[in-house]
Amino acid sequence: MEGDRVIRTVCPRNCYCTCGMLVTVREGRIVSIEGDPLNPATDGGVCLKGLSYVERISSPDRILTPLRRRLDGEGFDQIGWEEALDGITAGLKELRERHGPQAALFYEGSGNHGALSSLAEVFWNQYGGPTRAHGDLCWPAGLEASRLTYGDNLHNHPVLTRESRFILLWGHNPAETNVHQMRLILDARQQGASLAVIDPRSTDTTDAADIHLQPRPGTDGALALGIAAILEAEGLIDRSFLESTAVGVDPYLERARAFTPGRVAEITGVGVDEIRALAIRYGETRPALLIAGFGLQRHHQAGQTMRAVALLPALTGNIGVRGGGWQYANLASHGLRPPPLPPVPDRETRSFPTSRLGAALLELDDPPVRGAWFEKANPVSQHPRTDRVREALSRLDLLVVVDQFLTDTARMAHYVLPAKTLFEEEDLVTAYWHPYLQLRQKVLDPPGEVRPETEIWRDLCGRFGFDTHWFDGDRRELLRAMLPEGEGNLLERMESEPVVLKGTGEVAWSNRTFPTRSGKIEFRSEEAAELWGVDPLPSWEPLDEGSASTAAELWPLQLLTCKTRERIHSQFGNLDWIRGVDRPRRLDINPADARSRGLADGDRAVVWNDRGRVVIEVHLDHGLREGVVHVIEGRCREDDPWLNLLTDDGITDMNHGATFYECLVEVGRV
Amino acid sequence: MSRAGFILDLDRCVGCGACVLACRMEKGWSDETPWRRIVPFNLDRVPGGPTWHFSVACHHCEDPACLRACPSGAYERRADGIVVLDGERCLGCRYCEMACPFGAPVFDERSGIMMKCDFCHERVDNGHSPACIAACPVGALIRLTDEDLEATSPASIPGFIDPAGCRPSLRFREPGGNLREKRLEQLRKVLEQ
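Residue numbers (the numbering used here), protein chains in the order written: chain A, 1 to 670; chain B, 1 to 193.
So here's chain A without its partners, still in its complex pose (with noise of 0.2 Å):
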């Protein structure tokens, strides 16, 4: 309509897809979100979510003031950002004096991407260094194994999916967690590809498949080396390729020779003519694309699982090759560089592995942790250990949430304090899947008392007495700075089309130069042995809280917590739109399995380990593979199951990530 304005966003979730967005804004409002065409990986497409911002953004939950726990600890007062602050300051002052500064924590979550983010230490480097997390609780294992292996995180273009002929998913779902891959998927398809899937579920992906293999859950490593064997057996390994551009190939398949077809079925639970087949298509079709997901690296073994997984394409030499590829992550868009910010304390920086939260904060000695502040994050949900993470933040002094909802993290705080939507503030946001950078223009100015994150920070710097001058100047100039050096024109063609950085190829690795130690592809890793303690070959051994511990005598299932279309774990399930078409959570079940408990559809299960109970709803999922149970996870509604009691707060064996998916229970009637 006439006035109305269009400005080119982008979303700023932890998503594969990134989706540049139109959003129109009419008599102050936003009325409607639509795909930006000028993005090709996206193709003019958002999905639900992003259509759903038009009600989150004026969603009347959304806090818009900041929030002080009541003294008898039920709900909260409205209160002004003076008294908020004022408290704050004074709580934060006190920490530090009576214990130091690392008696505070500062955790930054993935919610809200954006690259001012990192002003926020502008305050903690003053304040002297906070205790903090490392590692995260999704993809680190598998980011290592690619980085230990081609020496950085790159693919293809996305668009190239569709010159593919055979495209293999591992552990991978992108139907609903990137569901504009799946129409390049179902593109390639069209044009005659195959499509093989390795999940124990079965999904809306796996029922585009031609082949469907569903090994137990942790043994797709064993897996890996196994069709690695029937590789070579088969004649299929391309040795001119790897003859110039790979080290370590033959201890690497004396390795795999130890995987026989049999053993590997009897590992696997998966028959030896299906991974025979897998195998030999997988390799006599060119060119054949590889993408994992990360659900494969949520155990103990991740990083060598993903090794192994990882090394298939350059052993059929589709590395370098349009419709080809290995493709886990694309960090082509990640070359910014720091804003200017304080030096950092002369000191060693107290950190845990973030999927220990709960029982770091309990343990921490010498200071004790007292005091936290969470941004972006909702850990009473999200993080492993349900049981430990609340009462660790329930003996705190002083806990400071920043949030745009009242979540299960948010409920226990002492300060709540209303954050920005994507629309609020300007920013750069980077992607993993395709390769673009894209600015995050400013659509609205927040609503009600809310402030960026950003002004937060300046506010409290200033309370304290800290330097303010790097908040300083104009913002845009600050943004223009982080861009790589000769690049800031960037900035200007980023309000109306998304750009890609230089050095960045529609063809990762055609130039077949490799930045590992050895500078080439390293099927041996010399590096993986010296950093992370493990066989500098890829090698599998059963979990340990696996289908074949003696832990599985207890408890013989194996739970899986997977991701889905409508909700970015905890966000967007309290919306009205996307409840319209939201599934209910519950413990997908295989029939025997079921039936041999006594469950028929329906029925009310108790789910349990040596950790936790979880109360849920029956569903007869014929799909499913015998011995693994699968609720959605996410908790954002007060109905849902708090799934975290059962799951183990474990860590990867490389990079610090978290086990989800190591995690047995037992189902019964309740």
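Treat the hints with caution; some may be incorrect.
What the hints assert, rightly or not - Part of the chain A face toward chain B, derived, beta carbon under 8 Å:
(1) L51
(2) A208
(3) G623
Said to hold, decoys possible - Under 10 Å between C-beta atoms, here's a sample of chain A residues computed to sit facing chain B:
(4) L48
(5) E55
(6) P174
(7) E176
(8) H180
(9) D187
(10) D204
(11) T205
(12) G580
(13) D621
These aren't lab readings, by the way, just hints derived from the structure by calculation.
We put the beta carbon where it would ideally sit given N, CA and C, even for glycine.
Go by the hints and put chain B onto chain A.
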């Protein structure tokens, strides 16, 4: 101009719900009055049958039962085939709701009249696609073409019936791949049993 209507590619639709939200965004309906919804088939993945997501709204029939049943002349079928409902003329008698075998018209308690997918005719008149089609991220929901209209009928999906003889402008496209044939074969076998 080709006749207004939808093609749903059942092999592409993953039931993501973007079409439903786009419709809601465009038209502002509430939980109680959905203009578009997704009807899943075999989400339990019972062996032998395919799993499908039917994203459905008004089918903009050639001989609409709603129009036939309406006593106040509130319905009109435009030259391009879009079946529109004139809220000014609607009495709220709900005869159309009873007549439509596909559940397209919904009664809005607040206004006391019926509501229904209007194929975003204002958008269409301005050269755009309906909001649902524009938002579909996988290219599963597309605009009807004359070839598809001629070549097939909705009844090509076993179980899809047209009890009132409305001749819906809805088609399920035959994709280039081999998947749909495989699934149809599975489904025919299940239905025969």
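Against the structure, the hints come out as follows:
1. L51: holds (4 Å)
2. A208: Holds: closest Cβ of chain B sits about 7 Å from A:A208, inside 8 Å.
3. G623: holds (3 Å)
4. L48: holds (4 Å)
5. E55: Since chain B brings a Cβ to about 8 Å from A:E55, closer than 10 Å, the hint holds.
6. P174: This interface hint holds because 9 Å falls under the 10 Å limit.
7. E176: holds (7 Å)
8. H180: holds (6 Å)
9. D187: holds (8 Å)
10. D204: With a closest approach of 4 Å, the A:D204 hint holds.
11. T205: holds (8 Å)
12. G580: holds (6 Å)
13. D621: holds (6 Å)
Of the hints listed earlier, there is not a single one the structure fails to meet.
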